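Q: Here is how the chains run, residue by residue.
Protein chains: 2
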Amino acid sequence: MVDIKAFSGYEIVGGGVCAAKGFKANGVCCGLAHKPLNKTEENSAIANNALPENTKKKNDLAAIYCEKECAAAAVYTTNKVKGAPINVTKRNIENGYAKAVIVNSVNANCCNADGEEKAERMCEILASELNIDKRDVIVASTGVIGQVLPIEPIENAAKELCEGLTEDGNERACEAIMTTDTVKKQIAVRFKLGDRQVTLGGMLKGSGMIHPNMATTLTFITTDCDIAPEYLQRALSENVKITLNMASVDGDTSTNDMVCVLASGLAQNKKINSENEDYETFKNALYIVMLNLARMMARDGEGATKLIECICTGANDDETARKVAKSVVCSSLFKSAIFGEDANCGRIFCAVGYSGGDFEVSDLNVAMASKAGSIDVCKDGSVLEFDEEKAAKILAEEEINIHVSVGSGLFSATAWGCDLTYDYVRINGDYRS
Amino acid sequence: MVDIKAFSGYEIVGGGVCAAKGFKANGVCCGLAHKPLNKTEENSAIANNALPENTKKKNDLAAIYCEKECAAAAVYTTNKVKGAPINVTKRNIENGYAKAVIVNSVNANCCNADGEEKAERMCEILASELNIDKRDVIVASTGVIGQVLPIEPIENAAKELCEGLTEDGNERACEAIMTTDTVKKQIAVRFKLGDRQVTLGGMLKGSGMIHPNMATTLTFITTDCDIAPEYLQRALSENVKITLNMASVDGDTSTNDMVCVLASGLAQNKKINSENEDYETFKNALYIVMLNLARMMARDGEGATKLIECICTGANDDETARKVAKSVVCSSLFKSAIFGEDANCGRIFCAVGYSGGDFEVSDLNVAMASKAGSIDVCKDGSVLEFDEEKAAKILAEEEINIHVSVGSGLFSATAWGCDLTYDYVRINGDYRS
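Same order as they appear, the protein sequences are chains A and B. Residue numbers for the first sequence follow our numbering, so the first one is 61 and each next one is one higher. Residue numbers for the second sequence follow our numbering, so the first one is 61 and each next one is one higher.
Treat the hints with caution; some may be incorrect.
Pairs involving identical chains hold if they fit within one copy or between any two copies, as the list cannot separate such chains.
[Said to hold, decoys possible] Here are the simulated lysine-lysine pairs, BS3-like style, with alpha carbons at most 27 Å apart:
1) Lys439 to Lys140
2) Lys301 to Lys140
3) Lys128 to Lys330
4) Lys431 to Lys81
5) Lys150 to Lys439
6) Lys118 to Lys331
7) Lys343 to Lys128
8) Lys453 to Lys140
Worth flagging that the hints you see were computed from the coordinates, not collected in a lab. On a predicted model such as this, the values are computed, not experimentally measured, just so you know.
Next comes chain A alone, as it looks inside the complex (with noise of 0.2 Å):
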């Protein structure tokens, strides 16, 4: 986890999307992953210990709402092939406000023919069931690409999904949005803006087909704060520059990656409506609670067992530095290391080499740190002989730092990336089934 003390002012909170004023949220399982068992076969099935594994029952659709109209923001997958969710929510939000989320996993509902038509009717069943206008619905799918969605599980739970919207919500709806996951990713932040406490909060699922190119995941996020749409979402593209476009898991930029952004402005603070020192604290929050979504994201990579994190610093400019510590945490290579514990730097200095970065060899110098300590590898473009003992120490730990310095300019970014392993492999050979 980012380490916190960093941001003063900022208090890390409970809640994730349920923690700003206003927010209910849920998650029920539909059924969308199978065709549920009838009572006598699940109870056989479970005392015959045989319940098959894509019975098990997890959420699989997830409602947000706030009862009152919020401002509305939004950032969507540059990938040309857009899931038909997509299209729909850029309709809806195109006023700049709405109302509620309704999202689903298992399928994608993209390249489908009846991809739209169907992603309005998941708006129509919500905005029925909470009495609200069907524009005001932002709707978002995860999952399989390319097979019809069925609409009846979901209007099937639609009652319960939408009884069910509660103040601590958050974790079923949280659940609901998982895929390939193994944990729930949540966090939420709460900050004065003058005498007014405010809080924003959100949830975001990975972890596979994540790559730096807008957006990358589904992310949603709520916040009680009161902000005109348009600073909402300076806000949110100046912060998923520098957040979750710089994390990857594996180089595949998804066809329906989103993020989103409601604010209730229930917190009654004073109105942001310019770039003002309010607009930068409140910022400053967006950016805390996205920096460590992706960083949970990178994570909880699919397959992954470390978080590696590169930081280059001493670019002359903006975009070296972006695509040095990118293209780093994206090496196949690289990440095949680390998952073997190897400090092999001499991959670190290949992908840098390819990044594309404007920046001279011989100014190169590489350190790797982690929990354990740190140690220099390369310096002024060489490989250093290093004491491989140490270094082993420093990569079994979970979290390994790169530190790649290109010279003496004043860029730096990070990137967040993980390993590549065995899981990733089993994982993705036979996702569909």
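Given the coordinates of chain A, assemble chain B onto it according to the supplied hints.
A: Chain B alone, transformed into the frame defined by chain A:
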């Protein structure tokens, strides 16, 4: 293997880099991989059936030699971090001519403070033994980056290396350039220019740190064709674009990649000095050899069990065709699915979508094929319901063809890759030991 019938007038022959007139080759084990055991130690180890893995003898040093001065051309890695031999070779063939090649595996001689000095020394050692100018030597290294290259084993083996140069030494040389390769990769073709018989052959080492961005591997090609250096370079550069640069194993562009050609002129054809018909015939021969080597490389990618070939057709421009084909064979998610023989065509869509190519999603059609048949999986931008059993049979084969049609344009391109497997992770988790 490519169906050679499509290229009438070209005959596949044996002999690799020794197939063309005037070329001798050799490969020896100079002991870069390990401190060789003395005879007593070795006998004892063999008697006890306890020869350690890293003392098994594998050739690690090769040479190619032609008494006659050859026209020479090369294409190098685009990685900013370059192996020291790259710089030395560039200088040595600046004049367009060379007579010999020296190449070692095990150690890449890259990111070492004394790298160029050592690469120069390798040229000197060979030149002195062959009694030629050291500026007539092409030098290359492949293996671990960032470890000082011990020069003594090369010095000590130079005599044996040169005395053993023979016209059938291509097998020994081909073994010497292998790193994690599991098979030797070599091929030669014979064809006519006027009434003269011309031969062109080559060898290549794969199989990791391979990604399309110039050259992509160590590849050595020899021919007895009489061709001016300028046209040799032109034919090489044009073919790299559509062969080696369209093959990817893991997305990492190596520091040491190089492909070079030596042309002895001993076939005594009318010297190629313009882009005439003979030039086209020669360029096609070079294409056949490089195409086959590129396919062999992808098929022998680290840990690979399958060759993936993606053909993109119907593009409105060359760049789109290339981008789409490469994006599919480079997708970690799709590569994993192919390993699992899972017909997850959504991942093809996803990779096509983020390729950066210029097309309409509604024009996308995708088919999967192999020796076992062919099946349409996507039409007009939507995934079709297809026969999973038939798809499974198709994907059970060792060579999988993906056909992506992006419209009705006239441009097409082909790319080659391999599946992502447990063994890729195993090999690269512990490459240095």
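Q: Tell me the hint numbers this structure goes against, listed in increasing order.
A: 4, 6 and 8
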